[in-house]
Amino acid sequence: MAITTDKMEGTVKKELHVFYVLDTSGSMSGAPIGALNDAMRSTVEELRKKDGEKADLRIAVLEYNSANRWVTQGNNGVENLQDFFWTDLQATGLTYLGGALKELNTSLSRNEKMKAETGNKVPVVIFMSDGYPNDDWQEGLQVLAENKWYRAAIKIAFALGDQADTEVLAKVVGVTKQGQIVPNYEAVIKTNDLQAFSNMIQVVSVSASLAASSSQMLGTEVGAETIVREAAGEGANTDENGVVIVDATSAGGDIYASDATADDLDGFDVI
Amino acid sequence: MAKDLPKGTRLKSMLGIDIVIDKKLGEGGQGYVYKIDYGGQPKALKIYKPGKMKDPKAFYKNLKNNVSKGAPNASFLWPTDMLKWDGHTFGYIMDLRPSEYVELVDFMNAKKQVHFESFKAAVTAALEMTAAFRILHSKGYSYQDLSDGNFFINPQTGKILICDNDNVSEYGQNTGILGTPQYMAPEIVRGEAKPSTYTDRFSLAVVIFILITMTHPLEGKRHLCEILTPKNEQIIYGTDPVFILDPTDRRNAPVAGVHTNIGIVWPELPDYVKNMFIKQFSKEIMMAPQRRATESDWQNMLIQLRSDIVRCGSCRGENFTHNEAKPVCSGCGKPLPIQRYLKLSGVNYKMPIVAGNIVYRSQLGSSNIDVAGDPVFVVRVHPKDPRTLVLQNLSGMELRAIKPDSSRVLLKDKGAISNEAGTVIEAFGGSVTIV
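Chains as they are written, first to last, in our numbering: chain A, 1 to 271; chain B, 1 to 435.
You may find that some hints are simply not true.
Here are a few chain B residues that sit away from chain A, every Cβ distance over 12 Å (derived from the structure) [unchecked claim]:
{"hint": "1", "residue": "Ser118"}
{"hint": "2", "residue": "Asp145"}
{"hint": "3", "residue": "Lys159"}
{"hint": "4", "residue": "Asn174"}
{"hint": "5", "residue": "Gly176"}
{"hint": "6", "residue": "Asn232"}
{"hint": "7", "residue": "Pro247"}
{"hint": "8", "residue": "Tyr272"}
{"hint": "9", "residue": "Gly429"}
Below are the SDA-like pairs computed for lysine to any residue, each with C-alpha atoms no more than 25 Å apart in a straight line [unchecked claim]:
{"hint": "10", "chain 1": "A", "residue 1": "Lys7", "chain 2": "B", "residue 2": "Val102"}
{"hint": "11", "chain 1": "B", "residue 1": "Lys111", "chain 2": "A", "residue 2": "Thr5"}
{"hint": "12", "chain 1": "B", "residue 1": "Lys159", "chain 2": "B", "residue 2": "Pro404"}
Read the hints as simulated data drawn from the structure, not as lab findings.
Ideal placement from N, C-alpha and C gives every residue a C-beta, glycine not left out.
Construct the complete structure from the given sequences, taking the supplied hints into account.
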């Protein structure tokens, strides 16, 4: 048959699911929930720009407070980015993290959310919390640590504000490929600045979803720690455990946040 | 809040040219690209993010060397000047990419729907890439990170522009880059080698295959695995790569209903093309870097393929012809608009005289690397008679021709000659005969 190029489709892409597990308990009321909604709306836009490039991106959002609920209502609770738009979440209730972890475990299964016909790329799971869980989160984590998808996933957590428990989050994202729970502080980003949070969650979401497909450098492993380190930028502060602390000026991994002053540009022969 | 170099920021380049920042064009993992005014000329400026490279001073030195050596040929958006190292970072200046040029990744993205105007344009892109790499390698450089994201293509013409030339290094040097997954040679994926000319050749073969078939050569059935873990990637791209059309090892065969592109293109390809892909993506050759086809081998194959593609004048479908006696369109059955053929002194096949076909220097006999991919003639529609095709001289010089009645004529540069059987044109020590 004679052929024409308009019959050609894109190359076959696997699906890459980006999960968000978001704390919408009462303590998030006011500016924090406003900032979260705004950040997620921008994040969806950023992910949409990369959709189809290296993978067909899918988004699944689980909010938890005194209960938990999949915000994304598409096929199996997973949304195609082309037709998903963010609807604002409300803050109310307690912080039942354990319940959310169990729900996540149920969903991370070939019969639930991982049904891709072309198979999946390693999923990305991003957590955000501003507090301490009010339920038996350890039991939930034990269950989740048995899940092979979760073991393989790139896992990153945001600790918002001083009340956020970085140790709990480090354990949640610290499930190894073998299923051990080893706190991974380097995959936790702590910030008090809502704008910095907004910037970072966008950068981290995009770079985590592209991590396995981007140019690779000698001696640099693809993983949550690298993604966090690169997003925070050179010279980002850490606490005594290694949690990356992001403030207003180091947000977004943009080095010009603090450098774009005349003094620092001297080396460029400013005239 | 993120801040950028604001519009109007004034800088001075290493070569002393005044720079004014216009606007940010993009941001990648490594740095930012700005549109600038460069001494009155619009140009692009890339500035690196500090802390992203292992050894910035060595990288800087390498870049400076590339600037002073100059672009290998016009297909490279080469660094032409720099922003000096300021203790934190540095940058380089290059030409702007014209807006009609698109990244390969956008052709491969079903959500963007960019298509080549024709398979002839797709093959032209592969050919241009090959010619550019041949020249780059002949100058002792390797590119090191060829992927779907670092060159741009004009979908109408197949012309290309290669960017990200900051990792280009001289023989034996490496800036710390390993390459991009899906495009890295198996020995790099296995952690046994660093990028080199040989690994460039593997990446080039992958890019050529994708340009023509819109299918990754190693992504068949096995790529549809439940989850593509780093371990599975090691197997598919590193320790046990299997070509999607390996005739003996069917473990990675295309899957009906999923790998549709390859099902459309592969059956149409001439045998010499299929055989070359099958050989180059055989386990034997993939695992033996030194035995991989050179750019010259790919160039010869692609030049022949380009000339064998003939568009039907009736249904507009493209046919991959191969010197059939009475070629008809495989789609609609109408005769193909091949008026005559060209016999070329450097090759053993005939080229159909159809609009858009090009005679390249290497088809006339042995030639220097720098000029092997230069067009000598193009077949064009007669300016006054759209039913007739003529041969236009693109050689840059006057050529001697002998008409069928044995009269001798001079064919000026850019001048054209009618396609009468028996005409012979002499060029670069070889000849073109219309038959």
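Now for the hints, and whether the structure bears them out:
The Cβ of B/Ser118 sits about 6 Å from the closest Cβ of chain A, inside the 12 Å cut-off, so the non-interface label is violated. Here B/Asp145 does not stay apart from chain A, with its beta-carbon only about 6 Å from theirs, under the 12 Å limit. No Cβ of chain A approaches the Cβ of B/Lys159 within 12 Å, the least distance being about 16 Å, so the stated non-interface status holds. At roughly 7 Å, the least C-beta separation between B/Asn174 and chain A is not larger than 12 Å, which violates its mark as non-interface.
The beta carbon of B/Gly176 is not kept farther than 12 Å from every beta carbon of chain A, the shortest such distance being approximately 5 Å. The beta carbon of B/Asn232 sits about 9 Å from the closest Cβ of chain A, which is not more than 12 Å, so the claim that it is off the interface is violated. The claim that B/Pro247 lies off the interface holds: its Cβ sits roughly 21 Å from the closest Cβ of chain A, which is beyond the 12 Å cut-off. Distance check for B/Tyr272 against chain A: the nearest CB is about 18 Å away, which clears 12 Å, and the non-interface claim stands.
At the 12 Å boundary, the C-beta of B/Gly429 stays outside the reach of chain A, the nearest C-beta of that chain being 37 Å off. Among the hinted pairs, A/Lys7 with B/Val102 is consistent with the structure: their alpha-carbon atoms are about 19 Å apart, no more than 25 Å. For the suggested pair B/Lys111 and A/Thr5, the alpha carbons sit about 16 Å apart, so the restraint of at most 25 Å is met. Only pairs whose Cα atoms come within 25 Å are accepted, and B/Lys159 paired with B/Pro404 is rejected, the gap being roughly 36 Å.
Against the hints set out earlier in the document, violations occur for numbers 1, 2, 4, 5, 6, 12.
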